[in-house]
Amino acid sequence: MQSESTSYSSEMLLTVIYFFVFAVSLIIIKSFKSYQTGKIQDATSKRSSQIPCKLCRFFSHNYYLKCAVHPDLALKAEAINCPDYYPRHNIYK
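Reading the sequence shown from the start, the letters are residues 1 to 93 in full-length UniProt numbering.
Hints were generated in silico from the structure; no laboratory data involved.
Cβ atoms here follow ideal geometry from the backbone N, Cα and C, with glycine treated the same way.
Careful, some of the hints might be misleading.
[As the list claims (entries may be wrong)] FRET-style restraints, in silico, Cβ to Cβ:
| no. | residue 1 | residue 2 | range |
| --- | --- | --- | --- |
| 1 | Asn62 | Ile27 | 32 to 40 Å |
| 2 | Thr15 | Gly38 | 42 to 50 Å |
| 3 | Lys33 | His61 | 28 to 36 Å |
| 4 | Gln36 | Leu75 | 23 to 31 Å |
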(Lines of atoms letter the chains of each structure in order from A and count residues from 1; the text may use other names and numbers.)
(Lines give C-alpha, C1' and ligand atoms only; values in the text may rest on other atoms or scores of the structure.)
Protein backbone atom coordinates (compact mmCIF):
# COMPACT_ATOMS: atom_id res chain seq x y z
CA MET A 1 0.00 0.00 0.00
CA GLN A 2 2.79 2.38 0.85
CA SER A 3 4.59 1.71 -2.44
CA GLU A 4 1.47 2.76 -4.34
CA SER A 5 1.19 6.03 -2.43
CA THR A 6 4.90 6.69 -2.88
CA SER A 7 4.59 6.02 -6.61
CA TYR A 8 1.52 8.24 -6.80
CA SER A 9 3.19 11.10 -4.95
CA SER A 10 6.36 10.89 -7.05
CA GLU A 11 4.27 11.00 -10.24
CA MET A 12 2.39 14.01 -8.90
CA LEU A 13 5.67 15.69 -7.98
CA LEU A 14 7.08 15.10 -11.47
CA THR A 15 3.88 16.42 -13.05
CA VAL A 16 4.04 19.57 -10.94
CA ILE A 17 7.73 20.06 -11.77
CA TYR A 18 7.08 19.61 -15.52
CA PHE A 19 4.19 22.04 -15.39
CA PHE A 20 6.29 24.57 -13.47
CA VAL A 21 9.19 24.33 -15.94
CA PHE A 22 6.77 24.67 -18.85
CA ALA A 23 5.08 27.73 -17.31
CA VAL A 24 8.40 29.42 -16.51
CA SER A 25 9.71 28.79 -20.02
CA LEU A 26 6.54 30.29 -21.53
CA ILE A 27 6.90 33.37 -19.33
CA ILE A 28 10.54 33.80 -20.33
CA ILE A 29 9.75 33.44 -24.05
CA LYS A 30 6.84 35.88 -23.80
CA SER A 31 8.90 38.48 -21.96
CA PHE A 32 11.77 38.14 -24.45
CA LYS A 33 9.39 38.63 -27.38
CA SER A 34 7.78 41.67 -25.80
CA TYR A 35 11.24 43.10 -25.07
CA GLN A 36 12.26 42.64 -28.70
CA THR A 37 9.00 44.18 -29.92
CA GLY A 38 9.49 47.19 -27.67
CA LYS A 39 13.05 47.60 -28.90
CA ILE A 40 11.90 47.58 -32.53
CA GLN A 41 9.10 50.05 -31.81
CA ASP A 42 11.53 52.41 -30.07
CA ALA A 43 13.89 52.36 -33.04
CA THR A 44 11.02 52.93 -35.45
CA SER A 45 9.57 55.81 -33.47
CA LYS A 46 12.98 57.49 -33.16
CA ARG A 47 13.50 57.22 -36.90
CA SER A 48 10.00 58.44 -37.76
CA SER A 49 10.31 61.41 -35.42
CA GLN A 50 13.35 62.56 -37.42
CA ILE A 51 11.43 62.64 -40.71
CA PRO A 52 10.47 66.29 -41.30
CA CYS A 53 7.83 65.71 -43.99
CA LYS A 54 4.78 66.57 -41.90
CA LEU A 55 6.21 70.01 -41.16
CA CYS A 56 7.15 70.76 -44.76
CA ARG A 57 5.25 73.24 -46.92
CA PHE A 58 5.07 70.76 -49.80
CA PHE A 59 3.56 67.97 -47.71
CA SER A 60 -0.13 67.29 -48.00
CA HIS A 61 -2.34 64.77 -46.25
CA ASN A 62 -3.54 63.51 -49.62
CA TYR A 63 -3.46 59.72 -49.77
CA TYR A 64 -2.30 59.69 -53.40
CA LEU A 65 0.30 62.46 -53.34
CA LYS A 66 1.98 63.10 -50.00
CA CYS A 67 4.68 65.40 -51.34
CA ALA A 68 4.50 67.56 -54.45
CA VAL A 69 8.29 67.75 -54.89
CA HIS A 70 9.50 64.24 -53.98
CA PRO A 71 6.52 61.87 -53.83
CA ASP A 72 8.80 58.82 -53.85
CA LEU A 73 10.63 59.97 -50.69
CA ALA A 74 7.68 61.23 -48.66
CA LEU A 75 7.50 59.81 -45.12
CA LYS A 76 10.52 57.54 -45.66
CA ALA A 77 13.91 57.50 -43.97
CA GLU A 78 15.51 58.96 -47.11
CA ALA A 79 13.49 62.14 -46.56
CA ILE A 80 15.43 63.02 -43.39
CA ASN A 81 17.97 65.00 -45.43
CA CYS A 82 15.58 66.25 -48.09
CA PRO A 83 17.22 69.12 -50.01
CA ASP A 84 13.84 70.72 -50.80
CA TYR A 85 12.55 70.81 -47.23
CA TYR A 86 10.81 74.12 -46.64
CA PRO A 87 9.07 74.47 -43.27
CA ARG A 88 5.54 75.77 -43.02
CA HIS A 89 5.11 78.93 -40.99
CA ASN A 90 2.44 79.22 -38.32
CA ILE A 91 1.56 75.55 -38.46
CA TYR A 92 0.10 75.59 -34.96
CA LYS A 93 -2.12 78.65 -35.36
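C-beta pair Asn62, Ile27: status relative to the range 32 to 40 Å that was hinted: Violated, at about 46 Å.
Is it true that Thr15 and Gly38 lie within 42 to 50 Å of each other by Cβ? 35 Å, violated
Holds or violated: the 28 to 36 Å window for the beta-carbon distance between Lys33 and His61? 34 Å, holds
Gln36 paired with Leu75, Cβ distance criterion 23 to 31 Å: At roughly 25 Å between Cβ atoms, Leu75 and Gln36 fall inside 23 to 31 Å, so the hint holds.
Violation of the numbered hints given earlier is confined to hints 1 and 2; the remaining hints are satisfied by the structure.
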